[in-house]
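> The residues making up each chain are set out below.
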Amino acid sequence: MADKQPACMTCGGQGLCGGRGLLTLKEGAWKNNPLAIQMLGICSALAVTNRLENSLVMGGALIFVCVCSNLFVSLLRNITPHRIRMIAEVAIIATFVILFDQFLKAFYWEMSKQLGPYVGLIITNCIIMGRAEAFALQNPPVLSIVDGIANGLGYAVILAIIGFFRELLGSGEILGYPVLSSEWYEANQLMILAPGAFFMMGVVIAVFNVLKGPDTEENK
Amino acid sequence: MNQTSALVILVAAILTNNILLTNFLGMCSFIACSGQIRTAIGLGTAVTFVITMTTMINYCIYHFVLVPGGLVHLQFIVFIAVIAAFVQLVEMFVERFSPKLYFTLGIFLPLITVNCAILGASLFMIIREYSFIQSVGFGFGAGVGWAVAIILMAGLRQKMRYSNVPKPFQGVAIAMIVTCVLAMAFMGFAGMVSIQ
Chain A
0 MADKQPACMT
10 CGGQGLCGGR
20 GLLTLKEGAW
30 KNNPLAIQML
40 GICSALAVTN
50 RLENSLVMGG
60 ALIFVCVCSN
70 LFVSLLRNIT
80 PHRIRMIAEV
90 AIIATFVILF
100 DQFLKAFYWE
110 MSKQLGPYVG
120 LIITNCIIMG
130 RAEAFALQNP
140 PVLSIVDGIA
150 NGLGYAVILA
160 IIGFFRELLG
170 SGEILGYPVL
180 SSEWYEANQL
190 MILAPGAFFM
200 MGVVIAVFNV
210 LKGPDTEENK
Chain B
0 MNQTSALVIL
10 VAAILTNNIL
20 LTNFLGMCSF
30 IACSGQIRTA
40 IGLGTAVTFV
50 ITMTTMINYC
60 IYHFVLVPGG
70 LVHLQFIVFI
80 AVIAAFVQLV
90 EMFVERFSPK
100 LYFTLGIFLP
110 LITVNCAILG
120 ASLFMIIREY
130 SFIQSVGFGF
140 GAGVGWAVAI
150 ILMAGLRQKM
160 RYSNVPKPFQ
170 GVAIAMIVTC
180 VLAMAFMGFA
190 GMVSIQ
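The listed protein sequences derive, respectively, from chains A and B.
0 is the number of the first residue of the first sequence in numbering that gives the first Met the number 0; add one for each residue after it.
0 is the number of the first residue of the second sequence in numbering that gives the first Met the number 0; add one for each residue after it.
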């Protein structure tokens with residue numbers, strides 16, 4: 000956690016607290032993308048992206064938990080004693096993760112089986128904790144919701160991109176429908192396995208670096 | 000309940016089902032703290048210790064408290080609380096009884112609470128329905144496997160400082176590509192033993 004603080008603190012210091020929702024949205028989803036720029040929450044991003052469907056569900060889960068936990072941390076921000084704020088945040092986050100987990104188990108058992116422990120691991124996903132700590136603790140509820148949506152969205156989009164390419168290259172399918180014909184495309188199984196995830200993530204980060212290369216250096 | 004021997008699970012958790020390279024757990028600190036071999040060894044040791052102990056404690060709590068009480072849905076929050084409390088306890092103990100160890104290990108301990116490999120190991124243990132002995136083997140193996148991976152990575156990254164990496168790939172991106180190669184190398188063990 001400690002090394003994540005500066006990144007989040009700088010974005011908090013760039014006038015986000017002025018109540019400008021749109022700026023917050025842009026900041027979270029693109030300029031300070033939690034995955035590709037801040038490198039938070041990589042674990043689950045690698046694990047569930049072997050199929051596009053899993054990536055979308057996981058992205059949705061993160062948006063839900065991030066929005067709800069941001070809202071409640073923000074609502075309680077004035078009455079939470081400073082010293083126990085961490086444990087309060089974890090408790091709030093865990094509550095919503097349990098809610099989502101129970102929902103999946105009740106209505107989408109197959110999906111719950113596939114995601115396995117990674118739903119529970121949303122609790123230790125640094126994005127949510129980071130946003131609660133860096134944003135929701137200092138900002139009013141509505142703006143915190145926007146921030147939650149923005150960061151969740153930024154995470155979900157990257158997840159969808161990685162999931163899309165891994166499923167396409169790994170099995171020649173998208174959402175289970177065959178796209179690349181097996182007559183001329185030999186599916187590259189490696190993309191579905193672990194190394195493919197690391198490779199894809201590296202490429203996505205590099206592409207992000209190219210897209211905003213000069214920008215980040217100005218900031219530094 | 001599966002019948003695999005604890006020793007097989009131990010070896011499998013280190014080599015074929017490495018918690019970092021096949022299950023992607025503990026990536027955040029893996030990327031952040033793999034700059035130096037010395038740091039990597041310290042962190043690896045701390046993680047191995049905590050992961051072994053917390054899987055044992057969580058096993059007992061899950062099977063003797065949560066299951067009889069019908070409170071299984073609370074497992075996430077209970078596990079994370081156990082881990083946080085245990086790390087805090089270890090930190091206080093080490094600080095009191097071995098200041099020397101505290102200085103080499105102590106700074107890593109708070110980082111461990113948010114290391115998803117720890118919570119992940121407990122969750123895998125429940126999902127795969129391990130017995131107590133199997134859980135101990137799995138916890139220890141997962142810790143050692145994580146330590147091996149981060150130490151290897153630290154060595155590679157130290158070498159990489161002198162190589163000419165293309166600009167967009169500098170930093171985390173090349174670390175990911177290297178991890179990809181490392182994961183592929185570990186896949187070579189795949190035929191040896193397997194757990195699931």
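By construction, these hints were calculated from the structure, which means they are not laboratory data.
Being a predicted model, the structure only gives us computed values, none of them experimental.
Treat each hint with caution, since some may be false.
In silico BS3-like cross-links for lysine-lysine, where the CA-CA straight-line distance does not exceed 30 Å [as the list claims (entries may be wrong)]:
| no. | chain 1 | residue 1 | chain 2 | residue 2 |
| --- | --- | --- | --- | --- |
| 1 | A | K25 | B | K99 |
| 2 | A | K211 | A | K30 |
| 3 | B | K158 | A | K211 |
| 4 | B | K99 | A | K30 |
| 5 | B | K166 | A | K211 |
| 6 | A | K25 | A | K211 |
> Run every hint past the structure and note whether it holds.
Here is how each hint holds up against the structure:
Of the pairs offered as hints, the one joining A:K25 and B:K99 is violated, with about 47 Å between alpha carbons and a cut-off of 30 Å exceeded. Taking the CA atoms of A:K211 and A:K30, the gap is near 9 Å; set against the 30 Å cutoff, the hint holds. A C-alpha spacing of about 28 Å is found between B:K158 and A:K211, which places the hinted pair at or below 30 Å, so the restraint holds. For a cut-off of 30 Å, the pair hint linking B:K99 to A:K30 is broken: about 43 Å separates their Cα positions.
Straight-line distance between C-alpha atoms of B:K166 and A:K211 comes to about 12 Å, which keeps the hinted pair within the 30 Å bound. This hinted pair checks out: A:K25 and A:K211 have alpha carbons roughly 14 Å apart, not beyond 30 Å.
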